[in-house]
Structure formats: structure tokens, C-alpha cells
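K.L.:
Sequence:
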Amino acid sequence: MTIILVNFMERVIVFQMFHGRLGKFINLKAIPKWTQHPLSKRIFYVDAETFTPVLGRFYDRSGDIWRLAIGGFSHPDYHLNENKGSGVMIPSLISMIDIQAQHCTTLKMKTSIDSADVTRKDFTVQSLRTKGK
1 MTIILVNFME
11 RVIVFQMFHG
21 RLGKFINLKA
31 IPKWTQHPLS
41 KRIFYVDAET
51 FTPVLGRFYD
61 RSGDIWRLAI
71 GGFSHPDYHL
81 NENKGSGVMI
91 PSLISMIDIQ
101 AQHCTTLKMK
111 TSIDSADVTR
121 KDFTVQSLRT
131 KGK
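Sequential numbering from 1 applies to the sequence shown in my numbering.
Treat the hints with care, as some may be off.
[What the hints assert, rightly or not] Cβ-Cβ distance ranges computed for the label pairs, FRET-style:
#1 Thr111 <-> Lys33: 27 to 37 Å
#2 Gly63 <-> Val118: 39 to 49 Å
#3 Asp60 <-> Gly85: 35 to 45 Å
#4 Ala48 <-> Ile113: 13 to 23 Å
#5 Asp98 <-> Pro32: 18 to 28 Å
[Stated by the list, open to error] Calculated cross-link-like contacts (lysine-lysine; reagent style BS3-like; alpha-carbon spacing at most 27 Å):
#6 Lys29 <-> Lys41
#7 Lys121 <-> Lys110
#8 Lys41 <-> Lys24
#9 Lys110 <-> Lys84
#10 Lys108 <-> Lys24
#11 Lys84 <-> Lys108
Hints listed in this document are in silico derivations from the structure and should not be mistaken for laboratory results. Note that this is a predicted model, so its numbers are computed, not measured. Glycine included, C-beta positions come from ideal geometry on N, C-alpha and C.
Using the sequences and the accompanying hints, generate a full structural model.
P.N.:
Put into C-alpha cells, the structure is as follows:
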């Protein structure tokens, strides 16, 4: 479970409780080289153990916060039956909050870890062309 406390004006505090421990996070800042890019910067908070991004802040060209992306995760033992015992965070929710437009888009997922139904050949160029027809 990830708990995110947000103070938009000063800072973002992210706590992660997973397997009963408090997680550490890496703060990544990305600034586009192209001056015409609609974003001035992006800041990502990434779980240091799993390298999973759990929060992202996106700033418009003028430097004002534009969007906030939040990832929600489930404990594998309380998710789908096939995920029990896997020991990994299960992505189950992503929200993109547009601060300026006061709008939120949320994607709720049912993620299956190490599914036997997905094979490497599913991601070849040929299989993608066949599925697109």
C-alpha cells in the first residue's frame, strides 16, 4: 500500500508501507532539451527497491504545476488469486490529475503477474500487426 500526502505549494511527502516497512524513494527530475516542449520539467518519485514510479509531478512551460500522476498498488496476497505469494507490488490504479483544468482521469487495472497467457511472441512486430487487423 502506498500512502501519499501532498502539499502542492511546498513539497510532496510519500510514504510506502509494504510488508510492514517504510520504503525509500528516489527523486528524479527531468528537464526537456527542446525549448518548445509544453512541459518545463517533470519530477518522479520512484521506489528505491523496485524502481517503480509511484508519483509524478508535471509542470507547464511557465513553471506552474500542471498535472499530478499517482500510482496505487495492492499487496499481492490481497489481489487476484494468481498473484498470491508473488511478493511484488501489484499496480492496480493510476490517476492523472490535471490541476489547471480541475479534472481527473483514473485507470483501474487487474494486473496478473507472470501470466502464462502472455508469451514473448505476443510482442513481436508480426504479432502486433496481426492483432491490429
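K.L.:
Against this structure, judge whether each hint is valid.
P.N.:
Evaluated hints:
no.	hint	in the structure
1	Thr111 <-> Lys33: 27 to 37 Å	holds, 34 Å
2	Gly63 <-> Val118: 39 to 49 Å	holds, 41 Å
3	Asp60 <-> Gly85: 35 to 45 Å	holds, 44 Å
4	Ala48 <-> Ile113: 13 to 23 Å	holds, 20 Å
5	Asp98 <-> Pro32: 18 to 28 Å	holds, 19 Å
6	Lys29 <-> Lys41	holds, 7 Å
7	Lys121 <-> Lys110	holds, 22 Å
8	Lys41 <-> Lys24	holds, 23 Å
9	Lys110 <-> Lys84	holds, 13 Å
10	Lys108 <-> Lys24	holds, 25 Å
11	Lys84 <-> Lys108	holds, 19 Å
Violated hints: none; the structure is consistent with every hint.
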